[in-house]
Amino acid sequence: MADAMEQLYQQVILDHSRARSGEGELESAHGSSFQVNPTCGDECTVQVRLEGGKLETVAWAGRGCSISQASLSIMHEMLDGEHLQRADELGDLFRELMHGRGKELAAAKQEDLEDLSAFTGVAKYPARIKCALLGWAALKDALAQARA
Amino acid sequence: MADAMEQLYQQVILDHSRARSGEGELESAHGSSFQVNPTCGDECTVQVRLEGGKLETVAWAGRGCSISQASLSIMHEMLDGEHLQRADELGDLFRELMHGRGKELAAAKQEDLEDLSAFTGVAKYPARIKCALLGWAALKDALAQARA
Amino acid sequence: MIDIERIRADFPLLDREVRDGKRLVYLDTGATSQKPRQVIEAERHFYEHTNAAVHRGAHAVAEEATEAYEAARTAVAEFVGAEFDELVWAKNATEGLNLVAYGFLNATLNARMGRSSAGEEQFVLAEGDEIVVTELEHHANLVPWQELAAKTGAQLRWIGVTDEGRLNPDDFDVIGEKTRILAFTHASNVTGAITPVEEIVRRAQAAGAFTVLDACQSAAHLPVDLHQLGVDFAAFSGHKMLAPTGIGALYGRRELLEALPPFLTGGSMVELVTMESTSFMPPPQRFEAGTQMVAQAAGFHAAVDYLSEVGMEAFAAHEQKLTQRLLDGIAEVPGVRVLGPQDAHDRLAVVAFEVEGVHPHDVGQVLDDAGIAVRVGHHCAQPVHRRLGVHASARASAGVHTTEAEIDAFIEGLHRVRSFFGAAEGRS
Amino acid sequence: MIDIERIRADFPLLDREVRDGKRLVYLDTGATSQKPRQVIEAERHFYEHTNAAVHRGAHAVAEEATEAYEAARTAVAEFVGAEFDELVWAKNATEGLNLVAYGFLNATLNARMGRSSAGEEQFVLAEGDEIVVTELEHHANLVPWQELAAKTGAQLRWIGVTDEGRLNPDDFDVIGEKTRILAFTHASNVTGAITPVEEIVRRAQAAGAFTVLDACQSAAHLPVDLHQLGVDFAAFSGHKMLAPTGIGALYGRRELLEALPPFLTGGSMVELVTMESTSFMPPPQRFEAGTQMVAQAAGFHAAVDYLSEVGMEAFAAHEQKLTQRLLDGIAEVPGVRVLGPQDAHDRLAVVAFEVEGVHPHDVGQVLDDAGIAVRVGHHCAQPVHRRLGVHASARASAGVHTTEAEIDAFIEGLHRVRSFFGAAEGRS
Ligand SMILES: Cc1ncc(COP(=O)(O)O)c(C=O)c1O
Ligand SMILES: Cc1ncc(COP(=O)(O)O)c(C=O)c1O
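Residue numbers (UniProt numbering), protein chains in the order written: chain S, 1 to 148; chain A, 1 to 148; chain Y, 1 to 428; chain V, 1 to 428.
For reference, chain S alone in the conformation it holds in the complex:
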């Protein structure tokens, strides 16, 4: 099996795509967003509850490929209970990475991505960028609703 595939499907991605973190439905969300990847019909819903400048809870549900599921799972792990500012920044950073055609970001940024840096290779495959970003589009939208 080619190196390229191992670079794309980093172990952390495969792990998160199977043992997924944060799946579930919130009883009373402040914001909720449903997103579809029209190519494959993959979909996800991200729900958020805010509390004092924090993303008190983020939960998600959906179906999709390993890339999209891992991205959602890691999102949950990194952001559940975090400051809203961190959520915004991480989302922007991740989008920057995904539009970088497979190049790493500056070292500090790359470090800041933590587990999400495993997606660096995904950005080499334009058709998969949407998979990686699907959950993050939903998060952004859900946050905007919650703050409105």
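Hints in this document: simulated from the structure, not taken from any laboratory. Some clues are possibly wrong.
Which bits of chain S does chain V cover? Going by a derived footprint, with three or more residues having C-beta under 8 Å, they are [said to hold, decoys possible]: (1) 33-44; (2) 126-134.
Pairs of lysine-lysine residues, derived as DSS-like cross-links and limited to a Cα-Cα distance of at most 30 Å, are as follows [claimed, not checked]: (3) A:Lys130 to V:Lys22; (4) Y:Lys22 to S:Lys130; (5) Y:Lys22 to S:Lys103; (6) V:Lys321 to A:Lys124.
Only a predicted model underlies this, so the values are computations on that prediction, with no experimental measurement involved. Glycine included, each C-beta is placed from N, C-alpha and C at the ideal position.
Starting from the known structure of chain S, arrange chains A, Y and V with the ligands on it as the hints suggest.
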């Protein structure tokens, strides 16, 4: 001036396009047809009166290029007062000539065309065939109405 | 028998390498076909020698362009068993199907506004009327009818699909007195199933309904004779049958095209235009507003010439062998389920499948890494996927240039997919 | 200054001979342009290396095809001063204009059936509403509005034309409170007159009307900045601006495209599809149903690159010189009347004319015999011909490759037309 143009615009065509025969409107026509050449908006109306198996009167009105006007004028000269069978046959013969890509028909047929044989060269110019046939399409339609 | 090596030499793109030097195995003809050099050359030749406005100029090049354009119409019409004036150019099959649906809509609106032309009444829809489609349809032959129904108050009904991925004959009874339109596919782009057209047309005719055939997959892979099939309308796309992108065609029975109101309006489809009103040309021009895809028509002409030279019977026989090999090969790979009939009978070489525990995107990715191009997703047919219990699938589809060795490479790739994701799971 | 000899070397068709060895003088760019080899090559390259389904596949070639397709969108959008997601592909300008007209129709029908989506209400038309067009329009920007008016009960009104062939400013007052849509051309394909867009847009905005610009002739011959012009929608065709046949574009302001209901429906423009209902993608995809003209988009990209390299300012300046020479030359030929402004100011190198006593078909034929290709007929604009007192005309139009020597050859040809028909009349 090239021979090609003199072959196309035979003197009989130029003459008929200027001194036109049969223009007018019938008081009580048995059949009447209006035809348009959509490329240029040229149009003509052909009206017929029948009497005892004959095309008692054929008249026309319209505007168009030298080819279409001459064709209508010669049609009138050749068919006014003629037997219906002659009208049908001549129309078919002329259509055959026009779809022959500029080749003459068999000698007997070519002779039968009389002045219409001047249009032989027109058939080399696909865009002009419609001009030559416009009046004949109207005649055919008007005759069909008159007989219906 | 077709000479596959000679054919392959005609397709420049097949020489391509992908993903760091891997030889391309193109198994995505169901989505769009590759083009033989004869087609590419026909388009180039048109631009370099014959390019001019069609049906509009009297100069030499315009005359030649018009002849090339109309000769293409005759050739493509003949290829599907139709007369030249029954064939309308469209940019793709989707537009062709929309043209028919909007024809019904416009007839209905014209009637409401008291401006119907002669013969249009037969296309007027009213509440209580029914439009029948099938669960097997590509979105192109479903959504236009949903829209038409919603805008006219007609009711949409459908024929279901069996577990095997074929139209369910038990449902043919939805075709009844109220059915005004019956839109169905000749062959599914997901399950590969070929429809028993005669049976359905017979029922539609008995019910007095118009039939609209989606011939996208069939015209590209089977000998098709539309007059013999007896359908009222049919649509297909050039790009699926070796022709350029940007061109397709709608077939309509002459009497129907003559009565159908126009869809797109503008230049070249009108007779007399005043500021107040407009009269329209007879078909096919009535349905061809504006400057058409002329160079693409020349390419389409070359494509049907190419296919005729190969011979559609021989081509179909070749594909049937490939289908069998695909199905046999897949059957050997554990955990892979085919969505569609399991044998090559009445079936195209379009094979969608799911790999247990691996999302189609991930299946496609690992195949792609080996140079094997398949399609992943719902292939613009969400309902049939849902019906077969999945949301998406991967799909291998063969073309006139596909070899048995390529099928084998694909099967090997499937094993690799399993071991890659299986190994990572610690399963192998 | 543009290097005309270098440019001419890029256009293979200009090497053609016609009518027994005569060198072609192509003065029919107003109908359709010839293609530089860079454009022909871009299309060929696409077929030989990049051809695959766009936005649908995950394999390597499909990725490259998608990138080529979207890069083309960005380039063409930029060329006319728009953002990439404000540009929708269409098969030609005619389809683009129909898309807008049908958008209004669909919004109106959806409202009647109680199925409007958010934002659609702004496009709903009712009796008493007015649609304003002009007497200068090409049928493509007239007939769709006639149809829309007739189907919705809205009223069609229009701005007239002066004897000189320009929009009559006295008529700008028809734009008023009731005006919902104002559709007008940026430049006439008959009189060559360039419209004072700013003035009209200002009035439309004051009236709260949507503006729809026909940019077919302008985008091909002038620098155009749609954002600066401030129009709501605009349409143009690739084939008139060195690009392949079979592709055009519709521009729409982002907020408007977001709210406009879909026109053609089918694959690639949907999100979720069940048998019962469908949700649609955001623009531009919402308006691009089915497989698009992808190779032609690659060619369109090459075309705008080519034009940008020549420089639209330099190109327009070159054409203005040609316009002057055309007008001056014609003025020397007795009995020839120009339909349109007599000087090169605010005017394209599109010059329609009549030759006294000679029908345009016959004018064109004799020019053609000398290798000179002009257009004859009504050029899909019957109303303005009628307004200027003729039914048809002959028209010479220049392109980026046109030389002054060619204009002179044309003028010489006009003399020949006169003497041929004059001599036969015994007049000369
Ligand atoms: C001013 C104008 N508008 C619209 C059109 C229609 O363009 P198309 O035929 O490419 O759709 C043309 C060209 O024919 C034109 O010159
Ligand atoms: C069965 C079927 N119908 C319709 C279509 C639509 O064709 P196009 O996208 O060329 O309009 C396709 C291809 O995508 C198809 O496979």
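Results for each hint:
With 5 residues carrying a beta carbon less than 8 Å from a beta carbon of chain V, the segment 33-44 of chain S meets the three-residue requirement, and the given coverage holds. Proximity of the segment 126-134 of chain S to chain V, defined as three or more residues with a beta carbon under 8 Å from a beta carbon of that chain, is established by the 3 residues found. Among the hinted pairs, Lys130 of chain A with Lys22 of chain V is consistent with the structure: their alpha-carbon atoms are about 25 Å apart, no more than 30 Å. Of the supplied pair hints, the one linking Lys22 of chain Y and Lys130 of chain S holds, its CA atoms being roughly 25 Å apart against a limit of 30 Å.
For the given pair, Lys22 of chain Y sits about 23 Å from Lys103 of chain S by alpha-carbon distance, which is consistent with the 30 Å threshold. This hinted pair does not check out: Lys321 of chain V and Lys124 of chain A have alpha carbons roughly 37 Å apart, beyond 30 Å.
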